[in-house]
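Student: Each chain, written out:
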Amino acid sequence: MASFPFSLLVLACLTGLLGLRFGLELGLPATLADSMEAPNEASSAMAVPPKPGGLAPAGAGSGAGDAALTTSICEAMSSQLQDTCWQALARQTAAADPEEALRICARLGSAELSYECQADVAEAVAPASRALAEELCKGIPVVKWRGQCHFGIGLALAETDPEYAIARCQDAEAFRTFCRHDVIGEMAMVNLPAAVEICAREEGDTLTRKTCWHGMGKYLARRDMSEAAASCSQATSSWQPLCFHGVGWGGAERDVDQALASCASFGEYADNCRHGVANQLKRFDPTRQLAICEALQNSEARTKCLAFVTQ
Amino acid sequence: MRRMVLAGAAILAMAFAGVATWQALQPPPPPPVVPLDERTFEQMTEKEREDWMRTLGYVD
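Chains as they are written, first to last, in this note's numbering: chain H, 12 to 322; chain C, 318 to 377.
Fair warning: there could be bad hints in the mix.
In silico DSS-like pairs for lysine-lysine, Cα to Cα no more than 30 angstroms straight-line [claimed, not checked]:
#, chain 1, residue 1, chain 2, residue 2
1, H, Lys315, C, Lys364
2, H, Lys149, C, Lys364
3, H, Lys315, H, Lys293
4, H, Lys293, C, Lys364
So the derived list for chain H, only partly shown, Cβ under 10 angstroms to chain C, looks like this [stated by the list, open to error]:
#, residue
5, Arg187
6, Thr298
7, Arg299
In short, the hints are calculated from the structure, not lab data. Built from N, CA and C at the ideal position, the CB exists for glycine as well.
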C-alpha cells in the first residue's frame, strides 16, 4: 500500500512522456516538417535528353551500324558488344520489318535498353506508318523512353509534315520543350515559313515560346550564320534577342572565332549572339566563356551570361 | 524489491519515451530525387526546365 504513490508517479511519468511524443508528432507536419521538405522538392538531378539530335540513319556514322548486320553477326559478338549490335540491327531492320525489329529489341540485356530500342524502331517506322509508331510509343511503360519516342517521331516528320511533327512534342513529357526546339530547327532548315508560322502562334508558356525561336536561330546558324540572322528578323520582336542567342550558340558549335566575327555584324543583337557563343563554351572553355561575358555591353545579356558561368 | 522493479520500469519507460520523442523531432527523410528526364512534363517546375534547357543550349 505504501508503494501506491510511487506507482502513480511512474504511471504519470509514462503517460506524460508518451503524450509529449505523440503530441509532437501530430504538431510537426504543420510546422517544422513542412519547412524542412521544401528544399528537397526543389532539388533535382540534372539529366540530358538521350537523343536530342534524333536517330542516326541506319548505316550512317561509325561503329556497329556501319555494315549490314545480321543476327549471326550479333550472336558471334562478345557480350559487351552484343547489346550495341542488337540495337543497331533493330534500327537497320525497323523500316522494312518492324515486328522483327521489336523481336530483336527483346533480346537486349536490360529493360532500359529495350525501351530505348523500341523508341528507335518507332522513329524509324514513323515516315511510313505514323499509327504504328504512335502505338509503339504508347506501349513503352517508362516515361523517359515514352517521351523520347514521341520526340523521335517529331524529328522524323519535321521536314515533311510540320504540323504533325510539332504536335508529337505534346507527348514528349520531360522533353516537350526540347522537342519543339529541335523539331522547329530541323523544319527551318528546309521550310522556314512553316517554322516561323508555328513559332508566331506563340503557343504554350513563356519557356515554350522562347525555345521555339531559339531553335530556329541555332539550327540555321549551324549551316550559315548570316542566313540565321536574317531568319531572326522574322521572329516576334520581343524574342529576336533570343533568336540571336541561338545563332551564336549554333555558330560556335562550328567555329568559335568565326562565330564571334559574325556576331559583330549583327548590330543591336551582337551581344545576344556573343552571349550564345559564351554559353556554348561553358563545357569546353570556361575561361573564354567568362571573358566573353565580361566584355558584353548589353547589361541584360551580361547579367544572364555571368549568372550562367556559375550555374 | 517491488520498488526496484517499479523504478526500473520507470527508467525504461522514460528511455523509451525519450528515444521516441527524439525520433519524432527528426526531419522526415528526403523524398527520392527523380531525375528530370524521368518525370512527366507537369512534374517539373518552370525553373527546373529553364536551368536544364540553358545548360544544353535550348534557351538564353
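Student: Could you tell me which of the numbered hints above are not met by this structure, giving the numbers in increasing order?
Tutor: 6 and 7
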